[in-house]
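**Student:** Turn these sequences into a full structure, and let the hints steer you where they fit.
Mind the numbering: the sequence shown is residues 1 to 222 in UniProt numbering, read in order.
No lab work stands behind these hints, which were simulated from the structure alone. Be a bit skeptical, because a hint or two may be false.
[Stated by the list, open to error] Dumping the calculated BS3-like pairs for lysine-lysine here, alpha-carbon to alpha-carbon at most 30 Å:
id, residue 1, residue 2
1, LYS136, LYS122
2, LYS177, LYS136
3, LYS158, LYS122
4, LYS219, LYS136
5, LYS219, LYS122
6, LYS155, LYS219
7, LYS155, LYS122
8, LYS155, LYS136
9, LYS122, LYS32
10, LYS158, LYS136
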Amino acid sequence: MTVNAATAVTDSASGAAAMKKATGMNKDDFLKLFITQMKNQDPLSPMDSTAFLGQLAQLTQVEQAYNTNSNLQNLIAAQNGSNNLNAVSFLGTTILAQGNQVNLAAGQQPTIAYNLASGAQKVLVEIRDSAGAVVKSVASGSTSSGDNSFVWDGKNDKGEALVAGVYSVSVSAIDAKGQQFSGTPLIQGRVDGVSLDSTTPLLTVGGVSVPLSSVLNVKKGA
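**Tutor:** This is how it looks when you write it as structure tokens:
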């Protein structure tokens, strides 16, 4: 009998049960067979138990692999359940998260947020449509380091209302020495939905999906 670990099948049962399902016996059955053969062997021509014991060791290793896989699956399931519960607790809170998207809904004025690693003498925030074209540029003077934000009225540089949809944001700045550097766009808003369909729970903020792992700051009841 040859046992190959590559033929192992994933099963929610215990390692012994899964092994028996895959090979017709588990290590306990194998050991009973070994003992029976030892009892019935010819005393004048004893069987070589080396190969037999080698197979038993291999069976034990594969069964242990089944048990390890089962335990790992249980751990992953528990972790996913914990993440899902954690994600639901974000409903109704206001978060600050990594991301460069902003959703413009009809009749609303979304918040544009960004972070500067250091203070800047000039800051330029550019908002682009789905085609990558700049539709709105917002320039500001001296701006402190850290998180900053402003409310966008949803209009382009001509003062015309833009169509609802998802836009992207980029931030560039110039420091006191005249050196240009990039700011980090952020997503800021109230969590009004949670999606648990993917491996990583997704929070919905103003129509934009935000991975739970991207959240930087949370404000309760804000």
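**Student:** A separate judgement is required for each hint: does it hold in the structure or not?
**Tutor:** These are the hints, each one checked on the structure:
In summary, the hint linking LYS136 to LYS122 is supported, as the alpha carbons are separated by about 17 Å, within the 30 Å threshold. This hinted pair checks out: LYS177 and LYS136 have alpha carbons roughly 27 Å apart, not beyond 30 Å. Distance check on the hinted pair: LYS158 and LYS122 sit about 22 Å apart at the alpha-carbon level, within 30 Å; holds. Restraint check for LYS219 and LYS136: satisfied, since their Cα atoms lie roughly 29 Å apart, inside the 30 Å limit.
Between the alpha carbons of LYS219 and LYS122 the distance comes to roughly 29 Å, so the proposed pair stays at or under 30 Å and holds. A threshold of 30 Å between alpha carbons decides the hint, and for LYS155 with LYS219 the separation of about 28 Å falls inside it, so the pair holds. The hinted pair formed by LYS155 and LYS122 meets the criterion: a straight-line CA distance of about 22 Å does not exceed 30 Å. Pair hint LYS155 plus LYS136 holds up; C-alpha atoms about 7 Å apart against a cutoff of 30 Å.
Distance hint between LYS122 and LYS32 is unfulfilled; the C-alpha atoms sit about 81 Å from each other, more than 30 Å. Restraint check for LYS158 and LYS136: satisfied, since their Cα atoms lie roughly 9 Å apart, inside the 30 Å limit.
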